[in-house]
Amino acid sequence: MNIFDTIPIAIRALAANKMRSMLTMLGIVIGVGAVIALMAAGQGAQKGITDQIRGLGSNLLFIRPGKPEDNPTNSPVGGTVLTLVLADAEAINNPDRYPYIESVASQVFFDATLTAGGESLTASSVTGVTPDYQYTRNHYVESGRFINEDDITRKGLVAVVGANVAEQLFGDVDPIGRTVRLTVGAFRVYFSFSFLVVGVMERKGATATGDEDDLMLIPLPTMQARIPYIRNPKGQSNVHQITIKVTDPDKFGQAKEELSALLRERHGVAKDDFTIRSQEDLVSTVNAVSQTLTVLLGSIAGISLIVGGIGIMNIMLVSVTERTREIGIRKALGARRVDILWQFIVEALVVTMLGGLIGVGGGVLAAKLANGQHLFGRDLYTAVTPFSIIVAFTVSAAIGLFFGIYPAFRASRLNPIEALRHE
Amino acid sequence: MIQLNGISKVYRTGDVAIHALHSLDLEIGSGEHVAIIGPSGSGKSTLMNIIGCLDVPTSGKYSLDGLVVSSLSDSALARIRNRRIGFVFQSFNLLPRLTALEQVEVPLVYRGVRNRKKVARQALADVGLGKRAHHRPTQLSGGEQQRVAIARAIVGRPSLILADEPTGALDTATSGEIMVIFETLNRDLGITVVFVTHDMEVAHHTRRIVKLRDGQIVSDTKNSPAVGRPAPSAPAVPAVGSPP
Numbered sequence: 296m297n298i299f300d301t302i303p304i305a306i307r308a309l310a311a312n313k314m315r316s317m318l319t320m321l322g323i324v325i326g327v328g329a330v331i332a333l334m335a336a337g338q339g340a341q342k343g344i345t346d347q348i349r350g351l352g353s354n355l356l357f358i359r360p361g362k363p364e365d366n367p368t369n370s371p372v373g374g375t376v377l378t379l380v381l382a383d384a385e386a387i388n389n390p391d392r393y394p395y396i397e398s399v400a401s402q403v404f405f406d407a408t409l410t411a412g413g414e415s416l417t418a419s420s421v422t423g424v425t426p427d428y429q430y431t432r433n434h435y436v437e438s439g440r441f442i443n444e445d446d447i448t449r450k451g452l453v454a455v456v457g458a459n460v461a462e463q464l465f466g467d468v469d470p471i472g473r474t475v476r477l478t479v480g481a482f483r484v485y486f487s488f489s490f491l492v493v494g495v496m497e498r499k500g501a502t503a504t505g506d507e508d509d510l511m512l513i514p515l516p517t518m519q520a521r522i523p524y525i526r527n528p529k530g531q532s533n534v535h536q537i538t539i540k541v542t543d544p545d546k547f548g549q550a551k552e553e554l555s556a557l558l559r560e561r562h563g564v565a566k567d568d569f570t571i572r573s574q575e576d577l578v579s580t581v582n583a584v585s586q587t588l589t590v591l592l593g594s595i596a597g598i599s600l601i602v603g604g605i606g607i608m609n610i611m612l613v614s615v616t617e618r619t620r621e622i623g624i625r626k627a628l629g630a631r632r633v634d635i636l637w638q639f640i641v642e643a644l645v646v647t648m649l650g651g652l653i654g655v656g657g658g659v660l661a662a663k664l665a666n667g668q669h670l671f672g673r674d675l676y677t678a679v680t681p682f683s684i685i686v687a688f689t690v691s692a693a694i695g696l697f698f699g700i701y702p703a704f705r706a707s708r709l710n711p712i713e714a715l716r717h718e
Numbered sequence: 006m007i008q009l010n011g012i013s014k015v016y017r018t019g020d021v022a023i024h025a026l027h028s029l030d031l032e033i034g035s036g037e038h039v040a041i042i043g044p045s046g047s048g049k050s051t052l053m054n055i056i057g058c059l060d061v062p063t064s065g066k067y068s069l070d071g072l073v074v075s076s077l078s079d080s081a082l083a084r085i086r087n088r089r090i091g092f093v094f095q096s097f098n099l100l101p102r103l104t105a106l107e108q109v110e111v112p113l114v115y116r117g118v119r120n121r122k123k124v125a126r127q128a129l130a131d132v133g134l135g136k137r138a139h140h141r142p143t144q145l146s147g148g149e150q151q152r153v154a155i156a157r158a159i160v161g162r163p164s165l166i167l168a169d170e171p172t173g174a175l176d177t178a179t180s181g182e183i184m185v186i187f188e189t190l191n192r193d194l195g196i197t198v199v200f201v202t203h204d205m206e207v208a209h210h211t212r213r214i215v216k217l218r219d220g221q222i223v224s225d226t227k228n229s230p231a232v233g234r235p236a237p238s239a240p241a242v243p244a245v246g247s248p249p
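Protein sequences appear in the order of chains A and B.
Numbering follows this note's numbering, in which position 196 of the first sequence is assigned residue number 491; successive positions increment by one, without gaps.
Numbering follows this note's numbering, in which position 75 of the second sequence is assigned residue number 80; successive positions increment by one, without gaps.
Treat the hints as calculated values from the structure; they're not laboratory data.
One thing to keep in mind: the hints can contain errors.
Stated by the list, open to error - Label-pair distances were calculated between CB atoms; the ranges are:
| no. | chain 1 | residue 1 | chain 2 | residue 2 | range |
| --- | --- | --- | --- | --- | --- |
| 1 | B | Gly36 | A | Ile601 | 38 to 46 Å |
| 2 | A | Val613 | B | Arg88 | 55 to 63 Å |
| 3 | B | Gly34 | A | Ala693 | 32 to 40 Å |
| 4 | B | Gly11 | A | Leu321 | 54 to 62 Å |
| 5 | B | Asp30 | A | Leu612 | 37 to 45 Å |
| 6 | B | Lys227 | A | Val613 | 46 to 54 Å |
| 7 | A | Leu321 | B | Val61 | 25 to 33 Å |
| 8 | A | Thr587 | B | Arg88 | 57 to 65 Å |
| 9 | B | Gly195 | A | Ala693 | 51 to 59 Å |
| 10 | A | Lys313 | B | Gly46 | 57 to 65 Å |
| 11 | B | Ser13 | A | Leu612 | 45 to 53 Å |
As the list claims (entries may be wrong) - Which stretches of chain A does chain B cover? Using the computed rule of at least three CB atoms under 8 Å from a CB of chain B, they are:
| no. | region |
| --- | --- |
| 12 | 558 to 570 |
| 13 | 650 to 661 |
Unchecked claim - One side only, chain B facing chain A, incomplete, derived with CB under 8 Å:
| no. | residue |
| --- | --- |
| 14 | Val15 |
| 15 | Leu100 |
| 16 | Arg116 |
Cβ coordinates follow ideal geometry from the N, Cα and C atoms, glycine included.
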């Protein structure tokens, strides 16, 4: 018997029980659709983050406090010890000694509550920066002005707000010239200052270190002067990150080596108490994390696919029992065991593959609709890859095969005499 | 063409062994028209299953067309059922959902024949159902359904037709029509026809009657068939152990 002859038999059998076939298929449709959509979300997040990291410029080095092993996730303030101080950044910013350094910018990160008018934003990211920030991070003001040298020397209470902060605090009103109240505190000790908004940053979108549009930037010395726990016991000002723009990514190796030597010497340590990472290191770290996320999301969705497969097996077993007599007749007319086996396997495959196709369509559609939507305060990006489509479809077909084999085997082993007697 | 030597069949249910057939010998020549009769429990169904290659004997030798069947594999038996044997059942055993034409195509599907439609159409025309090719079983009368079953049995040009109570579900007039078809197949195409029945009227349409009781042959007699007309309403020979 030709295997293709079983396909119309399978379709006819499925069409005879339309409702049941649809419901069975629905399990696979949902499973495949979920796999596609969730993997698209995972891969979209990955693509979004890596694009943002690369968007900063491909020639950045980041120095962060703490030993590499103390800070495996590369969190900006995750190191156990704050060892990096502002003076380190000044020592690095020495173009005569390190000609490959284009610019150096130090940053301090902390969270604070921002209030303006009636609006309030809790746990907003505030970054202490220097005027080099714009050029080094490749992120410029949209309107107004950036923090300038004058603000630094005066330790001025001025702020530049990110696009989202401006929108959330001021709505349609132009924030420039208005004030934002910043409240920061811990252990029941609160500090509160009013900052004059002098500029609004251009929109940048989510990045590896959070959404840059949710930032408020203030002069670094202001932060160090006003917020005591930024200072370390020696009275020096800690920084959380030194961003270095290098003329040429080829100089990364040399830069890492020479800057490490400088910092070890300055800190008087034999082993690094800081971590130097390049953009690409960051990209690969993020990729590793988000790939895990993608696999995790895919696996969770995969569970629903398995549940769908069990549904298929259940229905196929019912179908074999209901059609015992048909199997007996077919055997009497010359169907071999293998013919009956294939008939039922093909039936399960038709359900799962058709369900898989619809699921792929639904998943891709869902991913496309979700792309760019603002969800839970974040922009959601999705990326459907051919790989995920192939995986989801292949897995659905494999599930049809796997869960279809046992019922088909049962059918093929039926004794024709007993099957013919079956009512 | 059918040669049974010392065929026994034992069914085991738990500790109890049921001897359905006791070392039975039977020979049926090519082109014969035979009725195997006997009461319920006489072993005639078991015998039909063995002759039809649906079952294998516990012991003994069965050869069909010179081929020793009793030792063949499952798929080889399926092949023989497909190519050499046509089954006609009391309850028609048509597949639900398929049209008459598709029913007749089924054996050809398993045989891997191309040009199935044409062959199947011819078989339907042979039983006088050419115009009902696209009707489903539920749209056909009992007699028409049995004709579809006969068309399905002969479409593969088998050498043997096995009919199990072929008129059991039909009225007298329709039974007569079906009997005529079998007689025609036997006479004109030379197909060996074996009826398995407890109905003497049916048996009298054949030329040889084999009586079975308790798994053994109790008589094997020649018969002058009542061709083309229903058998007399009163049985000429008292039915052996009338069914309950």
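For each hint, the structure was consulted:
For the pair Gly36 (chain B) and Ile601 (chain A), the supplied restraint of 38 to 46 Å is violated, since their beta-carbon distance comes to about 59 Å. Checked against the hint of 55 to 63 Å, the pair Val613 (chain A) and Arg88 (chain B) fails, with Cβ atoms roughly 33 Å apart. For the pair Gly34 (chain B) and Ala693 (chain A), the beta carbons lie near 55 Å from each other, so the given range of 32 to 40 Å is not met. Checked against the hint of 54 to 62 Å, the C-beta distance between Gly11 (chain B) and Leu321 (chain A) comes to roughly 58 Å, which is consistent with it.
The hinted window of 37 to 45 Å between Asp30 (chain B) and Leu612 (chain A) holds, with their beta carbons roughly 44 Å apart. For Lys227 (chain B) paired with Val613 (chain A), a C-beta distance near 52 Å keeps the hint of 46 to 54 Å intact. Between Leu321 (chain A) and Val61 (chain B) the CB atoms are about 44 Å apart, so this pair departs from the stated range of 25 to 33 Å. Between Thr587 (chain A) and Arg88 (chain B) the CB atoms are about 59 Å apart, so this pair conforms to the stated range of 57 to 65 Å.
Checking the proposed 51 to 59 Å range against Gly195 (chain B) and Ala693 (chain A) shows it holds: the Cβ atoms sit about 52 Å from each other. As the Cβ distance of Lys313 (chain A) to Gly46 (chain B) is approximately 44 Å, the hint placing it in 57 to 65 Å is violated. Checked against the hint of 45 to 53 Å, the C-beta distance between Ser13 (chain B) and Leu612 (chain A) comes to roughly 36 Å, which is inconsistent with it. Here's how the region 558 to 570 of chain A fares: 0 of its residues keep a CB closer than 8 Å to some CB of chain B, so the rule of at least three is not met and the hint is violated.
Counting residues of the region 650 to 661 of chain A whose beta-carbon sits less than 8 Å from any beta-carbon of chain B gives 0, not enough to reach three: the coverage restraint is violated. Restraint check, Val15 (chain B) versus chain A: the minimum CB separation of about 15 Å is more than 8 Å; hint violated. Checking Leu100 (chain B) against chain A by beta carbon gives a least distance of about 6 Å; that is within 8 Å, so the hint holds. Residue-level restraint check for Arg116 (chain B) holds (minimum Cβ-Cβ distance to chain A is 7 Å; threshold 8 Å).
Checked against the numbered hints above, the structure violates hints 1, 2, 3, 7, 10, 11, 12, 13, 14; every other hint is satisfied.
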